[in-house]
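Let chain X serve as the given structure and place chain W on it in line with the hints.
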Amino acid sequence: MIPFLLHPSRQQLVAFAAGNECASRSRVARHLERCSECRRFVGFTRRFAKAAALLSAPAPSEEVLLRALADRAAGARVILPTTIEPAREPLRGRATRAVALIVVGAILSVWWSGRRVRGDFASANELLLAGIVGSAQAAPPDRAGGALMHRLRALEVTYQRWFIDSATGRTIDAGKYDLRVAPAESRMWTLTSTWREIEDQNDMQGARSWAESVTVAGSGLAPTSRVVHVKPYRRWAGIYINQRFRNDSVVGQMALDEDPTRRPIARDLSGQRERFVASEAVAPVYFMGVPLFLGAEFDVSLLGWAVVPNDVLVTMRMKVTGSDRIETPAGTFDCWRFVIRVGPETHYHWVRKSDGLGVLTRRRMSDGRTRELILFREESNR
Amino acid sequence: MRSAATDSGPSFDPDLVPRIRRGDPTALMAVYRAFSGELLALARRLTGSEADAEDVLHDLIVGLPDAMRTYDERGKLRAWLKQVVVRMCLMRLRAARRRREIGLDAADQLAARAASVGDFNEAIEIALRELSPAIRAVVVLRFLDGFSHREIADTLGISINASEARLSRGIVALRRRLETLI
Numbered sequence: 001m002i003p004f005l006l007h008p009s010r011q012q013l014v015a016f017a018a019g020n021e022c023a024s025r026s027r028v029a030r031h032l033e034r035c036s037e038c039r040r041f042v043g044f045t046r047r048f049a050k051a052a053a054l055l056s057a058p059a060p061s062e063e064v065l066l067r068a069l070a071d072r073a074a075g076a077r078v079i080l081p082t083t084i085e086p087a088r089e090p091l092r093g094r095a096t097r098a099v100a101l102i103v104v105g106a107i108l109s110v111w112w113s114g115r116r117v118r119g120d121f122a123s124a125n126e127l128l129l130a131g132i133v134g135s136a137q138a139a140p141p142d143r144a145g146g147a148l149m150h151r152l153r154a155l156e157v158t159y160q161r162w163f164i165d166s167a168t169g170r171t172i173d174a175g176k177y178d179l180r181v182a183p184a185e186s187r188m189w190t191l192t193s194t195w196r197e198i199e200d201q202n203d204m205q206g207a208r209s210w211a212e213s214v215t216v217a218g219s220g221l222a223p224t225s226r227v228v229h230v231k232p233y234r235r236w237a238g239i240y241i242n243q244r245f246r247n248d249s250v251v252g253q254m255a256l257d258e259d260p261t262r263r264p265i266a267r268d269l270s271g272q273r274e275r276f277v278a279s280e281a282v283a284p285v286y287f288m289g290v291p292l293f294l295g296a297e298f299d300v301s302l303l304g305w306a307v308v309p310n311d312v313l314v315t316m317r318m319k320v321t322g323s324d325r326i327e328t329p330a331g332t333f334d335c336w337r338f339v340i341r342v343g344p345e346t347h348y349h350w351v352r353k354s355d356g357l358g359v360l361t362r363r364r365m366s367d368g369r370t371r372e373l374i375l376f377r378e379e380s381n382r
Numbered sequence: 001m002r003s004a005a006t007d008s009g010p011s012f013d014p015d016l017v018p019r020i021r022r023g024d025p026t027a028l029m030a031v032y033r034a035f036s037g038e039l040l041a042l043a044r045r046l047t048g049s050e051a052d053a054e055d056v057l058h059d060l061i062v063g064l065p066d067a068m069r070t071y072d073e074r075g076k077l078r079a080w081l082k083q084v085v086v087r088m089c090l091m092r093l094r095a096a097r098r099r100r101e102i103g104l105d106a107a108d109q110l111a112a113r114a115a116s117v118g119d120f121n122e123a124i125e126i127a128l129r130e131l132s133p134a135i136r137a138v139v140v141l142r143f144l145d146g147f148s149h150r151e152i153a154d155t156l157g158i159s160i161n162a163s164e165a166r167l168s169r170g171i172v173a174l175r176r177r178l179e180t181l182i
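First to last, the protein sequences are chains X and W. According to our numbering, the first sequence is numbered sequentially starting from 1. According to our numbering, the second sequence is numbered sequentially starting from 1.
If we strip away everything but chain X, and leave its shape as in the complex, we get (with noise of 0.2 Å):
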């Protein structure tokens, strides 16, 4: 009998070495006498379990603490996964989460620096709790659906995006983010969005250059086309995506750089109940005209690139929470804040009072830097 056959599985010896009861048990210690590798393994598996059992615990910052129920009292709320979510595949959903994180701005952190913002969010959150309370009985808020109003207007904006060391206060430059806002024929608007100078691609899938371009008709702003082009894009030279949008659908293609493949693009929208934002161009601009107020909230999506089913909507719950003057290197600003909830994560979000126009955009990165979108330059007739 050849020796190597009789080796108990490698759960079999983690289960012996655990000291489990089963049936194999007896077979498994029988062997072990003669087999120095399994004994070996079983020897390594107990020396690994009493090691890490001993493995010290960082002790929990009390900052932790404080801010999450600052951020309770302001009116913030994470939704707990306390049943099992289904995992998904892990490369599908990357380009609307991509798009997700430099778009809506939706993406910004609990953690608060203070730094560029006034106001009353650090210093009254019971004020501010009590001040949302009162607002939603007075005017309820909006999570009902529905259409919204827009009110674009012809503009030329400039956002600088930077990434500050929470530990050194440092920032750094990564990038600049062109917009404009043309009208087009039968009141319809054409944005253009242009990435520029990026410096950091760790975040946004290894591009230099990401250009994006949208019409939408009236004051729904529902899309009719957009154009993206992105390059490079991953480990491909660049890839261009073509979108129609037909009744309730989307429909067209996305390309590859220097490379003949070529995937359709065709989604169903109807039955998403939600508003949905069409592009990261519209982004900025989505509140324009819109009525806000203290505790306002809104269900909206984002459309991805469609290409893949996983890539069509991605949904935000977006709640407004206080205002603050926020100081931008385009001026000082009177601006509502919101939270906005993308799956588990919460960010922060702050667009203008008077019209509605995206002032900053805050999100905590896992490296432990902090990323910013804000007003950098802005040109129109306001």
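Hints were generated in silico from the structure; no laboratory data involved. Ideal Cβ positions, reconstructed from N, Cα and C, are used throughout, including at glycine. Do not take every clue at face value.
[Stated by the list, open to error] Computed far set for chain X versus chain W, every beta-carbon distance over 12 Å: (1) S9; (2) R30; (3) T224; (4) K231.
[Said to hold, decoys possible] Looking from chain W toward chain X, a few residues come up when the C-beta cut is under 8 Å (computed): (5) D24; (6) L57; (7) I182.
Relative to the frame of chain X, chain W by itself:
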């Protein structure tokens, strides 16, 4: 090996549960002070990041009052909290567009340095971070947090067999990295 479900863990007054559901800050503080140490350690090992772990802990406190409405008071709060934290960490890892991994060369250097100063704990932490998230979750829950395979299966939404298989694969990988140190 102890069980996460039966191990009572730190003392916590069960009468606080209704107050947590109401969002009482004092009750949330009590939860935090009773469980945050081991929950932070669990989250840190699952995510491989101190910052992510703190974010998970933060979100847990923010969302706890609403989530507690589904909590069965007959169960063990500590085990329930751990399950929630594990799922939060896995969701966070799934959402990450790229995994933060230490390069093999860097890991070799760190492991060697850890060994040279006799800090085996550091070497273990590094080796754990090198595992894939799916395998790391099982290894951490089993060896560091004392979950049974049934509890791991329930928490991760996998079968008991899958839990056992992942654990053995994890041990094989860890042995390659750590046998000379442990």
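For each hint, the structure was consulted:
| no. | hint | result |
| --- | --- | --- |
| 1 | S9 | violated, 7 Å |
| 2 | R30 | holds, 20 Å |
| 3 | T224 | holds, 30 Å |
| 4 | K231 | holds, 18 Å |
| 5 | D24 | violated, 10 Å |
| 6 | L57 | holds, 5 Å |
| 7 | I182 | holds, 5 Å |
Figure legend: structure checked against the earlier numbered hints; hints not met, in rising order: 1 and 5.
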